[in-house]
Each structure stands twice: as C-alpha cells, then as structure tokens.
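Asker: Chains as they are written, first to last, in numbering that gives the first Met the number 0: chain A, 0 to 303; chain B, 0 to 197; chain C, 0 to 847; chain D, 0 to 269.
No lab work stands behind these hints, which were simulated from the structure alone.
Fair warning: this is a prediction, and the values are worked out from it, not measured in the lab.
Just to be clear, a hint being listed does not mean it is correct.
[Claimed, not checked] The list that follows gives simulated cross-link-like pairs (lysine to any residue, SDA-like), each with its CA atoms no further than 25 Å apart: (1) C/635 x C/105; (2) D/182 x C/635; (3) B/106 x C/105; (4) C/203 x C/622; (5) C/688 x C/105; (6) C/187 x D/249; (7) D/182 x C/622; (8) C/190 x D/79; (9) C/68 x C/16; (10) C/112 x B/106.
[What the hints assert, rightly or not] Some but not every residue of chain A turned toward chain D, in silico, with C-beta under 8 Å: (11) 78; (12) 201; (13) 280; (14) 284.
No residue lacks a Cβ here, since even glycine has one placed at the ideal position from N, Cα and C.
Spelled out, the chains give:
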Amino acid sequence: MMALESQAPHWEWYYIALYFFIGGVSAGAYFIGSLIELLGYEKHREVSKAAYRIAFPLICITPVLLIADLGRPERFWHLFFSNGPGSIYTNHTSPLSVGTWALLVYSGMSFLSFLNVQVEDGRLALPALKKVHEMFSRLPHKVYAAIGSFFGFFVAGYTGVLLNTTARPLWAGTDPWIGALFIVSAASTGAAAIALVMARRQALAPDTARSLQTFEQPVMIAELAIIVVMLAVAGRYAVPLLTGLSGVLFLGGAVLLGLLVPLGRQFMARAGTAERDGGVIITSAFILAGSAFLRIALVQAGQS
Amino acid sequence: MKVTRRQFLKFTSGAIGAAAAADLARPAKADGAGGAQKAPIKSGKQVPTLCPYCSVGCAQIAMVDEKGKIIDIQGNPDSPINEGTLCPKGAATWQFVNNDQRWTRVKYRAPGSDHWEEKPLDWAMQRIAELTKQTRDANFNEFQGMPDGKGGTVKKRVMNTYALASLGGATMDNEWNYAHQKLFHALGVVYLENQARI
Amino acid sequence: MIMGSNMAECHPVAFRWPLKAKTDHGAVLMHVDPRFTRTSAMCDLHVPIRAATDITFLGGLISYVIHSKRWNTDPFFKEYVVNYTNAATLVNPDFKDTEDLNGLFSGLSEDGKAYSPATWTYQRHPAPAPPVTEPKTFTDMLLQRVPGRPKADPSLKDPHCVFQILKRHYQRYTPEMVEKVCGCPKEKFVKVAETLLNNSGRDKTSNIVYAVGWTQHTVGVQIIRCAGLLQELLGNIGRPGGGILALRGHATIQGSTDIATLYHSLPGYLNMPDARKNHDTFKDFILTESVPLMTSYWGNYPKFAVSYFKAQWGGAATKENDYGYDYHPKITGDHSHLPMFVDMMNGRIKGFFVMGQNPAVGGQNARYQRKALAKLDWMVVRDYFETETAAFWRNSPEVKEGEVKPADIKTEVFFLPAAMVSEMEGSFTNTQRLIQQHEKAADPPDDARSDIWFTYQLGKSLKKMYSTSSHDRDWPIKNLFWDYEPDASEVATFRIKDEPSAYKLLKEINGYTWDDKKPLPTFANLKEDGSTVCGAWIYTGVIPEEGVNKARSRKADEWISPGWGFSWPANRHIMYNRASADLQGRPWSEKKKLVYWDPKKEVKTPDGKVTRGSWVAPSGEGIDFLPTKAPSFRGKDNGIAFDWLSGNDPFIMRPDGKAWLFAPAGLVDGPLPTHYEPYESPVANPLYKQQSNPVAKTWKVPGNPYHKVADPDFPIIVSTYRLTEHHLSGVMTRWLPWLAELMPELFCEISPELAAEKGIKNAEYMTIETARGKVQARAMVTRRMRPFTVDGKTVHEIGLPWHWGWQGRAQSDVVNNLSVLVADPNVTIHEGKVFTCNVRAGKRGGAA
Amino acid sequence: MNAKGMFVDTSICTGCKACQVACKEWNGLSGEPSHFAKKAGYPYRVANNFSGRSYDNTQNLSATDWRHVRFIEQFNADRSEARWLFASDSCKHCNNAGCLNACPVQAIVRTDLGNVFVKQEVCIGCKYCIPACPYGVISFDQRTGTVHKCTLCNDRIHNGLGTACAKACPTGSIAFGDVPDLKMRADARLVQLKKLGYEKANIYGYDEAGGLNVFYLFLDKPEVYGQPEKPVVPQDRLHISSGVTVAAAIAVAVGAAIAFRERGEKKDKP
C-alpha cells in the first residue's frame with residue numbers, strides 16, 4: 000500500500016493546480032477543434048476556429064506558471080537539455096519529463112493552428128508571423144491538427160498520471176483514475192470554454208450549442224462516475240479530499256457547482272431548446288470553475 | 000568467532016570486506032579508486048585533539064585548511080576509547096568552535112550599567128589584576144582566631160583571603176588547573192572550587 | 000549492573016563497550032533506576048526503584064550474597080574476602096551499630112551534628128619497637144610512630160570482626176524489605192542478586208557502573224561505598240572486568256580533582272592545610288596527615304608534600320623556611336561551592352572568577368545563587384557565549400520580572416572570551432584516569448585566549464605589581480615560581496606568541512630534579528629533602544624524560560592499550576590489580592589473568608644484583624604493587640609504606656593493605672552505609688527511627704527553605720538529570736543549532752497516572768513548584784515513569800532534565816530554581832537527584 | 000564493483016542521535032530552519048520544535064535532516080511489557096528509486112557504488128521527486144531552490160571512507176560496507192536475535208523497492224518503525240494509469256465524433 004511517511008512537494012496551488020486547469024481547458028478545446036477539422040465537419044468550422052483561438056493563448060500562460068513554481072526557474076531549460084545545451088534528454092519513467100515534451104510539441108501545433116485561423120480571417124498583420132505561416136503552409140493543416148490533438152490529450156491527461164505516479168496517499172490511492180478524470184474534465188471544460196467564447200460573441204448557433212451540450216453531458220456524467228470509482232478505490236486515503244477546505248472545494252465546488260448544477264441547468268433547458276447565450280455563459284462558467292476547483296482540491300488535499 | 004576490537008572497528012567505521020581507510024580524508028586505496036567516480040572531498044592538516052564534553056575522553060581529529068581554519072572535527076579511529084565514534088555532542092564540536100554567536104571580544108559591564116561595552120583585552124587584564132590586588136590587600140588575613148576545642152580561641156596563621164573566589168575548571172586543562180591552583184594558593188584564595196563537586 | 004547512571008544517554012560512547020559485551024559475549028546488562036531511560040531500553044533487565052533507596056537495594060544485595068549457597072560454598076569468595084578485605088579484622092568492642100541505636104552509630108556528638116570515630120577503630124597488637132631512635136627526617140619521625148598490626152579472626156566468627164558486624168548491620172535488608180522501601184518487585188531484586196552472584200567468582204567478574212545518580216545525595220559517599228562493599232564480597236575488585244566505575248561528567252573532571260582546584264585538596268590528593276587541624280607547622284601538617292596512613296604507600300607523604308611546596312615556590316622554598324609552608328593559605332571551614340554562595344550572599348566575597356561554569360543555571364537553588372552574584376563587587380566570566388551567569392544582571396528572571404533592577408546591581412562584570420579545546424594545547428584526564436593530550440589545531444579567534452594564557456598572564460601582572468612589596472604576606476606572590484614562557488618552536492606557527500608552554504606546566508606537574516631539571520620517570524624518585532619538584536605526584540611518569548609526553552602517545556591495542564595516553568598512577572589501568580591473583584600469586588583463572596607472580600623471572604635490582612621472581616603483566620598493564628615483593632613476603636612490623644605491607648596486601652593505599660568493608664576512619668557519617676531517607680522525602684524512613692543522614696550539611700538561611708518530611712504541599716519526588724543531546728548547564732550545547740533542535744525545550748517526564756490525577760496533557764505546559772521557586776515545562780506523559788508503592792503508600796515521581804536557561808538557541812526555565820542547598824557531609828555534594836515538589840497543569844505565571 | 004550500503008541494526012541503537020549530527024557536520028547542513036523562530040530580545044533564532052512525541056523532536060527527514068532517529072515507546076498499563084525502540088532512518092538508496100525515476104532533468108543519479116544522489120547543479124526544483132519517494136526521504140530547501148537528501152556520503156565513499164553517520168555511531172548500529180557483506184552480517188544477527196527470543200525480529204530491505212542498499216533489522220513490524228510493509232515504487236504503476244488515461248481519451252474522442260457528427264448530418268440533410 001501507500002507509504003506511511005511520504006512527503007508533500009509543497010506545490011503552490013496557484014501555479015500548479017491552475018496550470019493543470021488552464022492546460023486542460025486549452026487541450027480540451029484544441030482537441031475538439033482539431034477533431035472537427037480532422038473529421039471534416041465543415042459546418043462546425045466556427046467551433047474549430049473558436050477552439051484554436053482559445054487553445055493557443057491559454058497554453059502560452061502555462062509555461063509561466065510552471066517555471067514560476069520551480070525552485071530554480073533559471074534552469075528550466077534543463078528539462079530539455081539536462082546534459083548541457085544540445086544534448087536532448089527525456090526520462091520515460093517520469094510523466095513530468097514526457098509531459099514537458101508533450102507540452103512543447105502541443106504548444107507548437109496549437110500555435111500553427113492559431114496562425115491558420117488568423118490568416119483565414121485576415122487578422123494576421125505581423126510580417127514575421129506571416130513568414131512563419133508561409134513556412135508551414137505546405138504542411139496540410141490536418142497533419143499538425145492530428146499531432147496537436149494527440150499531444151493535447153497528452154497535456155490534458157499526463158498531469159493526472161503525474162499525480163497518480165507518486166507515493167502521496169491520496170494521489171497514489173486514487174490510482175489509476177486521476178488521468179482519466181483530468182481527460183474527461185479537460186474535454187468538458189474545453190467544450191464549455193468554446194461555448195462561452197462563442198456565446199459571448201453571440202456567435203453560437205443553436206445547433207452548435209446543442210452539439211456542444213450533447214458532447215458535454217455524457218462527459219460530465221462520466222466525470223461523476225470516475226469520481227465515484229476513484230473515491231471508492233481510495234477508501235480512507237480519500238479523507239483529505241472530503242474534509243476541510245479541500246472538501247468544500249471538491250464537493251461543493253467541483254461536484255456540485257461544476258457538475259451537478261450545469262447538468263441540471265442543461266437538463267432543465269432541454270425542455271425547450273438549447274440554452275440561450277446568457278444561460279450558456281453561466282453554465283459554462285460553472286463548468287470551468289468546477290474544473291478549477293477540482294484540480295485545486297486534488298492538488299491541495301494530496302499535499303495535506 | 001572472536002571479533003577483535005580492530006575488526007569491530009572496521010565494521011562500524013567504514014569497511015567490511017574491502018578494507019578502506021578509516022580516517023578522514025586519506026586518499027582512496029586502490030580497491031576504492033578502481034572505476035570510482037572522482038568526488039571532491041574536504042581535506043587538510045589533521046591535528047589530534049579531544050572531545051570537550053564528557054569524561055569518556057573520546058579522541059578527535061581536527062582538520063585545518065591552509066588558512067589555519069578548522070574545517071572539520073571528527074572522531075579519531077585510532078583511539079581505543081571511541082574508535083572514531085562520537086555522541087551527538089562530540090559530533091557537533093565543529094559547530095561549537097565555529098559558532099556565529101560565539102563571543103570573541105572582551106565585554107565589560109560597568110557597575111549599575113544596563114549594557115555591555117566592548118573593551119581591549121589588555122585593558123581588561125590590567126583592570127582584573129588591579130582589582131585582584133586591591134581586593135586581596137584589603138581583605139587579607141595573616142592570622143585568625145580558631146576554636147581551641149576547650150571553648151576558647153587560639154590565634155592561628157591562616158594567610159588567606161575570603162574576599163576572592165574562583166569557580167570552574169573541570170572542562171579546563173590539567174595544566175590550567177595546576178597553574179590556577181598554584182597562583183590562587185599564592186594569593187591566599189580558599190574559595191577555590193570546580194564542577195567536580197557537582 | 001548500571002545503577003545511579005544513565006550510561007547510554009550520558010556516556011554514549013562508553014556504552015559502546017557494555018553493549019558490545021552483551022552482543023558479542025553474552026554479558027547480562029541490568030539497569031536499576033527510577034526511570035525507564037535509553038539505558039534501560041538497552042539492558043536485559045530494568046529494575047525500577049524509588050529514587051534514593053539505593054543503599055537499601057545494595058544492602059539487600061549484600062545480605063542476599065552473604066547468605067547465599069554459592070557464596071558460602073565456593074572457596075573463591077572466602078579466600079578473597081578473608082585475605083584481601085578487612086572482613087576478619089576486629090573492631091573496638093565499644094562500637095555500636097545502627098541496629099543497636101536505631102539508625103545511629105556510636106560516637107555522635109551531643110548536639111547530634113558530628114560523629115567521633117573513636118569507637119570505630121580496629122583492635123590492634125602492641126606497637127613495635129621503632130627502628131630509629133633519633134629522627135632526622137620526616138620518614139624517621141614516621142618510623143617512630145608505627146602502630147601495632149590490627150587483630151584479626153580469619154574464621155570470621157568473632158562477634159567483633161567486621162564480617163559479623165556487617166552481617167548484623169544488613170540482616171533486616173531482606174528482599175521483602177527491598178520491595179517495601181524501594182517499591183520494586185522482590186522477584187526482580189532476586190534476579191539481580193542471582194545474576195551478580197552467578198557472574199562473579201574465579202572465572203567471571205561483574206562490574207557496577209555509577210554516576211551522579213549516586214553522588215548527588217546526602218548519602219552519596221555511602222551509596223558508592225555500599226557498592227564497593229558488594230564488589231569486595233563478590234571478589235570483583237582489582238580484577239579485569241570487575242570494579243565499580245564512576246562515570247564522571249566533564250572532560251577533565253578527573254584531572255581537576257587530581258590536580259584540584261577544590262578548596263580542601265592539594266594536587267595529588269594531599270590535604271589542604273587546615274587551621275582547624277593541627278597543621279600549625281610543616282611538621283605538624285606532615286605528621287597529622289601521614290601518621291594514620293603511613294603503613295600504606297602514603298608512608299611517602301612527606302616526599303609528595305615537600306615536592307609540592309618546592310614546586311610552588313621553587314628556589315625560595317628551602318628546608319630552613321619549611322619550603323614556604325607558612326606562606327600557604329589554610330582553610331578554616333567548608334569553602335566549597337554551596338557555602339561559597341551563602342558567603343557571597345552575605346557579602347564576604349567581593350571578587351569572583353567563574354570560568355567554564357554556569358552557576359546561574361547549574362547551581363542548586365539557582366535563584367539564590369544568581370542573587371548572590373549581585374552582591375559581588377566584581378566578577379570575571381571566561382566562556383564562549385553570553386552565559387546566564389555572565390548575563391545575570393541583564394535579563395535574568397529576577398530582572399525581567401522587575402524584582403531586581405540592573406541599575407541596583409553594582410557588580411562590575413568582565414566577559415573574557417575563551418579558546419576551544421582544539422584551539423589550545425593541553426591535557427585532559429578522563430573518567431578512567433587516562434591522561435590524554437589535545438594539540439592546538441588553530442589559533443583562537445580575535446581576543447579569545449586559552450585558559451592557561453589567562454592565568455599565566457594574570458600571575459605575571461600580579462607578580463610585577465607585588466615585586467616591590469616588602470610585606471611578609473606578599474611573599475607567596477613575590478616568590479611564586481612562575482615561568483612557563485614558551486619555546487619559540489611551540490608558538491612558531493601561530494599568531495598568538497605569548498601563549499604559555501603547556502609542556503612546561505605538565506613537566507612541573509610530573510616532577511623533575513631541582514638541580515638539573517630532569518623529569519622524574521616515577522614517583523619512587525621523589526625526595527623529601529627539597530631536591531625534587533613535583534606538582535602532583537600521582538601524575539609522575541607522564542613525562543618520564545625530557546621531550547617525551549606519554550599523554551601524546553597514541554598506540555592502541557586489542558585490550559588495555561598501555562600505549563595510548565598515560566593512566567595514572569604509573570600507567571596502571573586497573574587499580575589494586577595484585578588482587579587479580581590468588582594468595583600464592585597465581586591468576587584466579589586463565590580467563591581472568593591480569594597480573595601474577597612469575598617465580599622464575601630474573602630481575603636486576605638497582606644495586607646490580609639479580610633476584611628471581613617478579614610480578615608480571617603480559618598485557619603491558621602497569622603493576623599496582625612492588626614488582627619484586629613475593630606473595631609470601633611478610634611485612635616488617637616496624638616499617639612504613641611498602642616495607643609494612645605484606646605480599647598478599649593488594650590494597651596498597653590502605654593502611655592495612657585491605658579493602659575496607661568497614662571504614663574505621665575517613666568518613667564523617669558512619670563506618671557502614673545505612674539507608675536514610677533523602678533530606679526531603681514524602682515518606683518516613685521505613686528502616687530506622689533516624690529519618691535522614693544525621694550529619695548532612697544544611698544551610699538554614701533566607702532564600703533556602705526546606706520542605707518537611709512527608710510535606711503535604713510537596714508530595715511528589717523530583718529527580719533532575721541530563722540528556723544525551725545537551726551538556727550540563729547547556730553552555731556548550733544550547734547555542735548549537737544542531738543540538739538545540741534535538742532537544743529544544745525543558746520537559747517534565749511524568750507518568751500517565753499522575754498526569755491524569757492532575758489534569759496534565761502531553762506536550763502541553765505544566766508547572767512544577769517548590770518552596771524555592773516555580774518552573775514551567777512541557778509535559779512528557781510516558782509510561783517510562785511510574786508510581787511507586789512504598790510501604791503501602793503510592794508515591795509519584797517526576798523527572799526534569801536541567802540543561803536549559805534563558806539564553807541560547809534552546810531556552811526554558813532554570814530547573815535549579817527548584818532545588819535546595821543541602822549536601823553530603825563528607826564531600827559537600829548537593830542532593831540534586833531527589834527532592835520534593837508539587838505539579839499542576841498550565842504555565843507558571845508570576846515569579847519564577 | 001559491489002554496491003556500498005548500510006546495515007542499520009536497530010536492536011543496538013541507543014537513540015543518541017549522533018548520526019543525525021555527524022551527518023550535518025560532514026555535509027555542512029544547518030539546523031532545520033522550521034525548527035527555529037525569532038524571539039524578542041535575542042539576536043538569534045530559538046528552537047521551538049518540541050513535539051511531545053517521546054524524544055523525537057526533529058520528527059522527519061528533510062532537506063537539512065538527512066537522518067532521523069525514531070523513538071517508539073511500547074509499554075502496557077502495568078509496565079510488564081516495557082520496551083523503547085530506537086531506529087535511525089535515512090535514504091535507503093533503493094535499487095528501484097522512485098525519486099530517480101521521477102526526475103525530469105537527470106539531477107538524481109546513481110553512481111557506480113549504487114548510491115543515489117542529487118546533483119545540486121542540475122536540479123531545477125520541480126519537486127516532483129518529493130512525492131515520488133515512498134519513504135518521504137527527499138525534500139526541498141527554499142534557500143537553494145533545490146531538493147536534498149542523503150548522498151550516502153558520496154564524496155567519502157568515493158574516497159575510500161565510510162559514511163559519516165556510520166563512522167560516528169557509538170554502538171555500531173549503523174554499519175557501512177559492501178552490501179553482500181552487510182547482508183551476511185544481518186543474517187547472522189537475525190539468527191542470534193531469534194535464538195534470544197525476539198520472534199518478531201525481521202530484516203527490512205532485501206526485496207523492497209528493488210532491494211534497499213540501506214537496510215534494517217527491526218525488532219517489530221516495519222509499520223511500527225514508520226516504514227511501509229510493502230512499499231510501491233510509484234512508477235511501477237505508470238503503465239496502468241497511462242493505459243486508463245489513454246482509454247479515457249479514446250472514449251472522449253469517440254464521444255466527440257458522435258456528438259458533433261449527429262448535428263452536422265442533421266443540418267447537411269434537410
């Protein structure tokens with residue numbers, strides 16, 4: 000079983016949990032966007048575009064968070080070249096090492112996708128960026144969408160595997176479910192973020208809204224299911240997640256506000272048509288906030 | 000199997016099987032160096048000394064760098080008493096010597112004052128000698144009446160002073176104890192004590 | 000058996016060896032102690048006894064042993080006891096035992112304050128005719144005064160023989176009585192007794208280890224004697240693996256006793272001239288001191304004494320001026336630590352040197368001692384940190400609470416920074432009497448100086464100031480023999496050039512001939528005619544020749560390691576080791592062979608003749624006997640020293656050559672150890688009407704109140720003690736973060752039973768209170784502490800380690816604010832191991 | 000070359016903590032900053048870490064406490080069972096080391112002598128190795144921004160010396176040497192103790208975490224000494240959690256394909 004005396008890493012929630020959250024949203028959104036592009040659902044091209052516009056700026060924030068939490072931020076490059084510049088290094092038994100590389104690749108892909116969207120909408124003004132876009136324009140969009148989508152999922156999921164792959168009672172006790180939980184959570188928040196952005200710009204077509212909801216609902220139900228399984232597996236090791244401030248965040252924030260309330264709202268709205276823009280914004284905000292709470296609670300409870 | 004003390008020493012201080020130098024920073028022997036990584040290690044002149052704490056008499060080795068600073072103090076493995084081992088106090092001797100709170104200057108508190116002042120060593124030594132002389136001269140007894148056992152008193156030569164007292168010495172060298180009792184007996188001091196009575 | 004010591008905690012490295020004996024050789028370790036300590040944890044058996052009932056326990060062992068089948072059937076014990084102890088010696092028929100006088104011996108003065116030992120003496124044969132008629136020397140004078148040999152009954156049947164007296168004295172110390180007084184189950188007691196019995200004899204020896212758990216009592220000396228008695232009866236003295244081992248506290252506490260900075264003693268255990276005794280002239284001094292001892296090696300007392308005075312005043316000490324004896328101070332009373340502070344409080348002491356000691360924390364009734372410091376005109380503190388003693392005027396509890404204002408304290412205080420051990424050259428004597436040298440590794444920083452630097456420079460200044468004086472009373476300073484200037488080579492590599500020569504000091508301690516300054520190889524070379532100088536005769540041999548310092552010798556071997564350091568006297572590690580052989584000089588057994596008589600060995604005498612037969616020790620151990628004296632040698636009745644002692648008298652420092660089961664002289668509180676309750680006890684003495692030591696020293700002065708016997712306000716026993724992680728008053732440890740974090744705060748060990756009764760919770764604060772003061776401590780509620788049932792009554796005991804003060808990186812209340820000035824009558828050691836108190840939950844509040 | 004390691008015979012540990020201090024002395028480690036606090040009127044920080052847990056005040060291993068002596072009091076109400084156990088704990092230098100497996104920058108390495116240590120000049124302070132250790136050994140130091148733990152005195156052992164703690168240990172409870180030799184000694188001691196009636200005595204560390212180069216002889220179950228009965232090296236589970244995560248990702252992908260396809264087709268075919 001778990002170690003009796005493992006130590007907490009003392010990761011700051013505002014760096015690490017937020018990174019987990021923002022990375023998840025970005026990856027989830029990118030994944031949806033790229034999937035639509037890969038499957039050729041032209042009708043949902045706007046969804047794709049919104050996804051790419053969300054994915055890249057968000058992922059730009061993450062290295063800042065990650066590096067800020069390092070004890071020696073100036074050495075972040077050791078992650079790639081620990082044996083000195085030029086000598087590439089990866090540790091395949093370390094989710095952190097592999098995840099960092101995935102994040103790098105994913106960032107690149109999401110950048111290219113972002114450029115495409117900007118060019119398509121004629122918004123790319125900077126000549127340098129234009130040049131970059133031209134360089135990669137020979138490459139079919141679907142290639143990097145595919146690569147990006149693969150690594151996007153990696154980014155969304157490895158953080159959970161990373162937590163599972165420790166000796167902390169909560170994180171190890173919930174093994175192997177945090178990865179899966181983070182994947183589904185990333186998917187729902189990705190969709191929610193897309194919906195939120197499109198609704199705010201009043202660009203959310205009712206059908207699109209319905210598609211997003213159709214995607215979100217089973218994902219959120221799956222998320223609930225995974226949470227139940229995870230808690231059952233963890234047994235007494237789940238206590239820190241269910242008590243104290245972490246308990247409030249987890250049960251009240253993640254489960255109630257982040258999952259039950261949005262599901263309920265969507266369910267009630269289904270009586271008529273899809274939610275209207277205002278409703279979508281609120282529901283999506285709940286989903287996003289709930290996902291943030293989920294990660295904060297897991298990161299904090301695992302360290303208590 | 001009869002384990003001799005030397006063998007026992009080897010068990011505990013560093014080497015079973017492949018014999019290794021038990022001392023602080025002797026260069027590695029051939030079997031220790033074969034294929035081993037080069038690792039820098041502190042080194043310097045080794046001076047035999049003793050643990051300042053309890054009465055067991057553990058031998059220590061102080062390592063001194065080229066600037067004459069003590070950089071390490073550890074047990075002396077040659078000692079039949081401690082064979083290189085130490086207790087937590089003995090192991091902490093280095094921090095005792097190199098302590099940021101150690102006072103290394105003379106401090107003086109004038110009568111009635113509420114603070115210390117720093118003073119030169121020579122000044123303090125001179126002042127202490129003067130006070131010692133003054134106090135002795137003002138309170139010296141060449142003779143004193145002692146009970147004669149019959150209810151009366153008899154004058155006896157005592158050559159002492161009760162105005163000076165000295166306390167301490169069980170953590171201080173034999174040589175000091177000797178010199179100190181010698182000087183203080185010459186001064187006539189009888190309140191002369193140390194921790195041996197505690 | 001470890002008793003009165005927490006060896007694993009207080010002497011952890013020494014404990015290496017008993018533990019090794021246990022794991023490698025199957026030795027049985029037993030710990031008799033009120034608390035379950037780290038020592039108990041490592042022993043095969045822990046026997047809890049109520050604090051200060053050691054004599055009952057040991058007396059019980061004595062009684063058990065002499066009534067046991069093994070002791071009465073194995074001829075080894077009789078042979079040893081009849082010949083090597085004074086068991087057979089007949090005592091004055093007027094002697095009355097505690098059994099006769101309900102806890103008192105005969106000879107107590109009318110005021111009940113002191114004993115006269117007149118009735119404790121031996122019966123003797125008539126004195127022999129003296130060999131000299133006209134005394135020319137002190138030795139001649141002694142030869143005129145040789146007493147008759149003591150009478151003895153080797154069958155041990157005479158009712159006045161020591162053995163019968165002893166048997167009667169301890170007859171009521173039964174296992175049942177031990178259980179009743181000590182509160183320990185009698186089965187455990189019997190187990191200890193059987194283990195000791197079964198592990199003593201011809202091929203086995205048992206050893207008893209003690210420390211201040213025995214000394215810090217009003218009966219401290221008698222507890223240790225009681226263990227000595229037991230070991231003598233078991234034949235465990237003078238033999239390898241036997242003995243009683245004192246574990247002392249400080250690095251050279253042995254050295255500072257040998258070369259005493261103690262009021263009553265001159266170096267080498269000569270007595271201090273004392274105006275209360277007949278010490279009026281040098282001759283009086285010599286005769287008073289050496290006559291009672293002259294039939295032992297102390298018959299050489301005159302040589303030791305003359306050489307000491309010659310060392311004091313060198314060329315100015317002549318036969319004509321009695322080697323300056325008249326200029327040496329005399330004591331007039333007890334000037335030891337506790338009365339020193341009483342007299343300081345009274346204003347008698349004006350100037351005070353305190354060096355490497357911290358009475359503001361370590362002194363009994365520390366509050367009293369701190370207040371006494373404020374009465375001084377001036378004080379010199381030499382230490383490493385701003386100790387509580389140095390800072391008493393600034394931030395002591397009295398000052399912080401506003402009871403005393405710094406402005407009202409007129410004491411002029413000097414703090415002089417001291418050098419560390421590794422920053423100076425010198426020697427320490429460890430608890431085994433082993434002298435070892437530490438060498439100077441580096442200069443001390445800034446104005447820090449060695450201790451000998453301070454004393455030497457102070458002496459030089461004073462000599463200079465007094466150089467013009469013509470007062471007779473200044474003669475001892477003016478003529479003080481004071482030259483320890485270093486050779487250039489000794490200071491060549493160091494910054495400090497006026498560091499005195501430690502070598503020259505040790506050479507003077509060792510002794511040398513006055514004329515040609517050649518070091519003396521042994522104390523047999525000392526003379527009483529002023530031709531030799533010797534600071535401390537017992538150390539002679541440490542510098543056997545110029546330039547050779549045996550304290551620096553560092554050759555160890557598998558056993559005794561005679562090549563490591565120098566064990567005084569004359570590199571003898573096991574004292575009285577003649578007793579390791581039987582009457583004929585043969586080893587008691589092959590396994591326990593140490594020193595034995597080899598009749599074939601050829602020895603050259605100093606006059607060139609060759610004789611056959613010698614004592615030998617293949618291990619290299621020094622032989623604590625005259626090497627050529629055959630076991631069959633019969634001592635000269637009219638001789639002194641070695642001449643008087645016979646070939647089967649191993650105890651050469653005793654005037655009858657025997658180990659003393661009964662002490663006819665030398666003790667002020669009785670010839671046999673007797674159970675007395677401590678001065679403060681929650682119970683009445685279950686054994687005698689006499690409650691506590693009748694001659695214990697007390698100081699009934701303001702600020703030093705005592706508790707009553709069974710005082711209802713103070714029903715709990717408290718013991719103070721040390722931990723591994725700190726040293727004494729903490730000066731050498733509390734400023735070190737590495738040690739401070741190991742034991743950060745004062746705690747009180749308390750049983751769950753008492754804690755529950757008082758509502759005290761683990762790790763929370765509690766207050767301990769006596770009539771002297773209050774301290775707060777964190778509670779450590781643990782079953783390692785236990786209540787005792789004494790005579791049907793439950794007695795609680797708590798424990799307080801006393802290392803802390805208000806300075807340093809680990810701070811707490813001063814435990815000695817609780818303790819009291821009361822002491823053993825023989826040596827004035829305080830009773831810190833047991834007094835009474837009360838406890839309650841919560842912080843102290845109010846005055847400390 | 001044989002791996003070097005330590006055999007900790009807790010049956011002869013006296014709980015003196017010399018190993019803790021000797022470690023700090025040789026490795027130049029300060030007092031643990033969290034054990035000290037500022038106090039008015041004093042120019043230095045004063046220790047405040049009294050725990051009330053027997054004689055254990057340092058409580059755990061940390062970046063400045065590479066050794067830690069545990070104190071376990073086993074007494075029943077009438078004290079007929081009375082035992083006080085001591086055990087000196089440190090990094091075990093696992094052959095399957097969670098910290099080393101987790102390190103993303105190769106700051107944690109194993110040398111030719113089998114010891115695992117942190118290259119201070121490489122560590123970035125990501126702290127991921129901290130929860131990856133099943134023994135709670137490795138720890139972060141704010142002052143250096145890196146993690147620290149016992150190095151098995153890397154400098155000493157590569158210069159032919161034993162570890163500082165083993166050298167200081169007054170009773171030989173900590174023995175340093177070649178692992179196979181130490182195992183022989185441990186086995187012999189276990190036999191001796193069993194004969195003396197210590198039925199629960201056991202050796203901990205032959206199989207755990209791929210074998211520990213620093214292993215123990217305990218007189219009671221490992222849990223009593225705060226050691227996991229069956230420690231799991233986190234990375235041993237990596238393939239399972241990765242698999243489940245990938246499965247979840249595929250499920251989500253399929254879900255998305257279905258969710259968006261439905262709507263898309265409905266619109267495309269009026």
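Asker: Hint by hint, note whether the structure agrees.
Answerer: Comparing the hints with the structure gives:
1. C/635 x C/105: With a Cα-Cα distance of about 33 Å, the restraint between residue 635 of chain C and residue 105 of chain C is violated, given a limit of 25 Å.
2. D/182 x C/635: violated (64 Å)
3. B/106 x C/105: Judged against 25 Å, a Cα distance of about 56 Å means the pair is violated.
4. C/203 x C/622: holds (21 Å)
5. C/688 x C/105: holds (15 Å)
6. C/187 x D/249: Violated, at roughly 73 Å.
7. D/182 x C/622: violated (44 Å)
8. C/190 x D/79: Holds. Residue 190 of chain C to residue 79 of chain D sits at ~15 Å (cutoff 25 Å).
9. C/68 x C/16: violated (31 Å)
10. C/112 x B/106: The given pair, whose Cα atoms are some 46 Å apart, is violated under the 25 Å limit.
11. 78: Given a least distance of 6 Å, the restraint on residue 78 of chain A holds.
12. 201: violated (19 Å)
13. 280: violated (20 Å)
14. 284: Since chain D brings no Cβ nearer than about 21 Å to residue 284 of chain A, farther than 8 Å, the hint is violated.
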